[in-house]
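Chemist: The chain contents come next:
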Amino acid sequence: ETGVTQTPRHLVMGMTNKKSLKCEQHLGHNAMYWYKQSAKKPLELMFVYSLEERVENNSVPSRFSPECPNSSHLFLHLHTLQPEDSALYLCASSQDPTSGHEQYFGPGTRLTVT
Amino acid sequence: TQLLEQSPQFLSIQEGENLTVYCNSSSVFSSLQWYRQEPGEGPVLLVTVVTGGEVKKLKRLTFQFGDARKDSSLHITAAQPGDTGLYLCAGGYYGGATNKLIFGTGTLLAVQP
Numbered sequence: 001e002t003g004v005t006q007t008p009r010h011l012v013m014g015m016t017n018k019k020s021l022k023c024e025q026h027l028g029h030n031a032m033y034w035y036k037q038s039a040k041k042p043l044e045l046m047f048v049y050s051l052e053e054r055v056e057n058n059s060v061p062s063r064f065s066p067e068c069p070n071s072s073h074l075f076l077h078l079h080t081l082q083p084e085d086s087a088l089y090l091c092a093s094s095q096d097p098t099s100g101h102e103q104y105f106g107p108g109t110r111l112t113v114t
Numbered sequence: 001t002q003l004l005e006q007s008p009q010f011l012s013i014q015e016g017e018n019l020t021v022y023c024n025s026s027s028v029f030s031s032l033q034w035y036r037q038e039p040g041e042g043p044v045l046l047v048t049v050v051t052g053g054e055v056k057k058l059k060r061l062t063f064q065f066g067d068a069r070k071d072s073s074l075h076i077t078a079a080q081p082g083d084t085g086l087y088l089c090a091g092g093y094y095g096g097a098t099n100k101l102i103f104g105t106g107t108l109l110a111v112q113p
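Those protein sequence lines, which keep their order, are chains A and B.
Residue 90 in my numbering is what sits at position 90 of the first sequence, and the numbering runs on without skipping anything.
Residue 81 in my numbering is what sits at position 81 of the second sequence, and the numbering runs on without skipping anything.
Derived by calculation from the structure, the hints in this document are not laboratory data.
For glycine and all other residues, C-beta sits at the position ideal for the given N, C-alpha and C.
There may be inaccurate statements among the hints.
As the list claims (entries may be wrong) - Each computed DSBU-like pair below joins lysine-lysine, with the alpha-carbon atoms no more than 35 angstroms apart:
#1 B:K57 - A:K18
#2 B:K70 - A:K40
#3 B:K70 - B:K57
#4 A:K18 - B:K70
#5 A:K19 - A:K40
#6 B:K57 - A:K19
#7 A:K40 - B:K100
#8 B:K70 - B:K59
#9 A:K36 - B:K59
#10 B:K70 - B:K100
#11 A:K41 - B:K59
#12 A:K36 - A:K19
#13 B:K59 - A:K40
#14 A:K36 - A:K22
#15 B:K100 - A:K22
#16 B:K57 - A:K40
Claimed, not checked - Listed next, the stretches of chain A that the computed footprint assigns to chain B, with coverage defined by at least 3 CB atoms under 8 angstroms from CB atoms of chain B:
#17 14-21
#18 42-48
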């Protein structure tokens, strides 16, 4: 595997379900990010992790819970979501969050909340 | 609030035509990146520009960073169907403990054969 991978690629869940999104980066980067991409809206930054420590939480509702067990893996745990949470969730990584701005994205998870 | 406006929002052209996409803001950025995103995939980084007035070329794509580092343009020469996709600009800035990217509103390009 190379680059940034995400699983699952597609997810349909009910509002009472609990599910998790997984991201893995094979680039040796130290920073990882979760973004939300909704139709007709710019990409929204949700969380930033640097060396497994959360350094940014962009006022995201608590029904989204990130976890970064090591610098290569990032999870987004979902529970009691709302239909408006349906979107493409993108994971990205960068060399480190304090120098340079180049971020490399995974293919995303298309989430539908019914 | 920092905003990056892209224009046009949609563009449908014939193969072989030239086009320019614009990315404008009232904010100054330390860098400007362009990404292309295809349906069902994540954005792919095309280029990063960091110096005001900088011009970079990537085959038929020419990227320019404005002198004041507030705007950028992407010019495609002799567009091909493979250029079809969503083009996103992203402005980089230092915010607290991390570098951040503000993404533009996107330009959806369709190149017809």
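Chemist: Run every hint past the structure and note whether it holds.
Modeler: Hint check:
Restraint check for B:K57 and A:K18: the C-alpha separation of about 46 angstroms exceeds 35 angstroms, so the hint is violated. Proximity of B:K70 to A:K40 is assessed by CA-CA distance (about 23 angstroms); at most 35 angstroms being required, the pair is judged to hold. Taking the CA atoms of B:K70 and B:K57, the gap is near 19 angstroms; set against the 35 angstroms cutoff, the hint holds. Among the hinted pairs, A:K18 with B:K70 is inconsistent with the structure: their alpha-carbon atoms are about 42 angstroms apart, more than 35 angstroms.
Distance hint between A:K19 and A:K40 is fulfilled; the C-alpha atoms sit about 26 angstroms from each other, no more than 35 angstroms. Taken as a hint, the B:K57 and A:K19 pair is broken in the structure, with Cα atoms around 43 angstroms apart against an allowance of 35 angstroms. Between A:K40 and B:K100, the direct Cα distance comes to roughly 21 angstroms. Compliance with the 35 angstroms bound is thereby established for this hinted pair. The hinted pair formed by B:K70 and B:K59 meets the criterion: a straight-line CA distance of about 25 angstroms does not exceed 35 angstroms.
Between the alpha carbons of A:K36 and B:K59 the distance comes to roughly 31 angstroms, so the proposed pair stays at or under 35 angstroms and holds. With a C-alpha separation of about 15 angstroms, the suggested pair B:K70 and B:K100 falls inside the 35 angstroms cut-off, and the hint holds. A threshold of 35 angstroms between alpha carbons decides the hint, and for A:K41 with B:K59 the separation of about 30 angstroms falls inside it, so the pair holds. Straight-line distance between C-alpha atoms of A:K36 and A:K19 comes to about 16 angstroms, which keeps the hinted pair within the 35 angstroms bound.
With a CA separation close to 30 angstroms, the supplied pair B:K59 and A:K40 stays within the 35 angstroms bound. For the hint pairing A:K36 with A:K22, the CA-to-CA distance comes to about 14 angstroms; that is within 35 angstroms, so the pair holds. The hinted pair formed by B:K100 and A:K22 meets the criterion: a straight-line CA distance of about 22 angstroms does not exceed 35 angstroms. Pair hint B:K57 plus A:K40 holds up; C-alpha atoms about 29 angstroms apart against a cutoff of 35 angstroms.
With 0 residues having a Cβ less than 8 angstroms from any Cβ of chain B, the stretch 14-21 of chain A misses the three-residue criterion, and the hint is violated. Counting residues of the stretch 42-48 of chain A whose C-beta sits closer than 8 angstroms to any C-beta of chain B gives 4, which meets the bar of three, so the coverage hint holds.
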